[in-house]
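The task is simple: from the sequences and hints, build the whole structure.
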Amino acid sequence: ASSEAEPEKTESDPETTEDDTRYRRPRRKQKQRSPPPRPHFALTFRDVEDTVPKFDGSGSMPIKKWFQEIDEHRALYDWNETQTLVYAKKSVTGLARKFLLSERGLTSFRKFKKAMIEEFDDKHCAADIHTVLTNRRIRRDESAYEYFLNMRELSLGLIDNKSLMHYVICGISDLYDKSMLCGARDLCEFKERLRSYDRLKDSKRKSGNTPSFVSKSFGAASTNSANQRCYNCGGDDGHRAAQCPKPKRPPGSCFRCSSLEHTIKDCPIRRDELTSTGLETSGVSLVEPVVAAPYVVLVEFKILPNNRVTAILDTGSPFSLICERFVPVSLRQPYDGRVNLIGINKSP
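Count the sequence shown with this note's numbering and you get residues 321 to 668, in order.
These aren't lab readings, by the way, just hints derived from the structure by calculation.
Backbone N, C-alpha and C fix where the C-beta goes; we use that ideal spot for every residue, glycine too.
Cβ-Cβ distance ranges computed for the label pairs, FRET-style: (1) H450 to G425: 36 to 42 Å; (2) A447 to R645: 44 to 50 Å; (3) C564 to S380: 55 to 61 Å.
Calculated pairs, DSBU-like style, for lysine-lysine (alpha carbon to alpha carbon, straight line, at most 30 Å): (4) K433 to K418; (5) K385 to K374; (6) K511 to K521; (7) K410 to K434; (8) K374 to K431; (9) K410 to K385; (10) K410 to K384; (11) K431 to K385; (12) K409 to K431; (13) K384 to K434; (14) K385 to K482; (15) K410 to K374; (16) K431 to K384.
The structure is reproduced here in structure tokens:
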């Protein structure tokens, strides 16, 4: 017989086994794994002030777009509400700064944002943006891609990509090479074509294929000393007024004969010289043709004697003068030929 009595087993209590003891053991609470802590950088406003855009209230940047930039910086640098309010206020300049100094009670970022939007939220009209994009042309000191970015900023996100690409192409003055920009299917392809266009222009500029518009005839280095004219006596033998051997001409006198009674356009000596050479003078002396030589078209008519020819010549100009009697009556513009005569004291 065993010295220790075994516990009585009842029908309601099943036998206790090792497995039952293991499962009845209280479970330990599993600790939830927390995400790794985000690294905190000791950043001041001086470190990020160049990345935070300035807002001056002039309308160059919409107020809602500026707050989008602030929210992105807030999420990036993990700013709290107080830091966001302080950094946003330090980024306000110009007219918006004056408004901010006149307001009181903007102690939270929510109040600050609400007050700024109510004051500077300008509803931009699409027609005004289209007018600005139409008048904006590429500058000499900006590349085609830089011009595209400036146009995209001016559009304020209110213009579709097709219209934006159209305005960019129209704003480039190069009629020959800008054809490579046409036909882009989307904005990514259009950007690649802009970069290719810039590379093409740079290669042409370096190779010297860019046409020069500087006229040598107007340069100081190309002036021949033999063609210089003296402003004292009018001589063209190469001497100047400081070395002129003749007496000094009185101020306001004729440049040709030094007379104080007339100017050079009314000088009789000059008129006689022009008459002898077959040139007549009017109010302005015409020495060279107004139209350059490559654009002058000489037309010669050989008409037999005793033959009369009536003809109208097309000069190629968009404006032409013609006698009224040569215009058919059916094409003439009607006009009111009535004249109202009024007597004394407006009596009819």
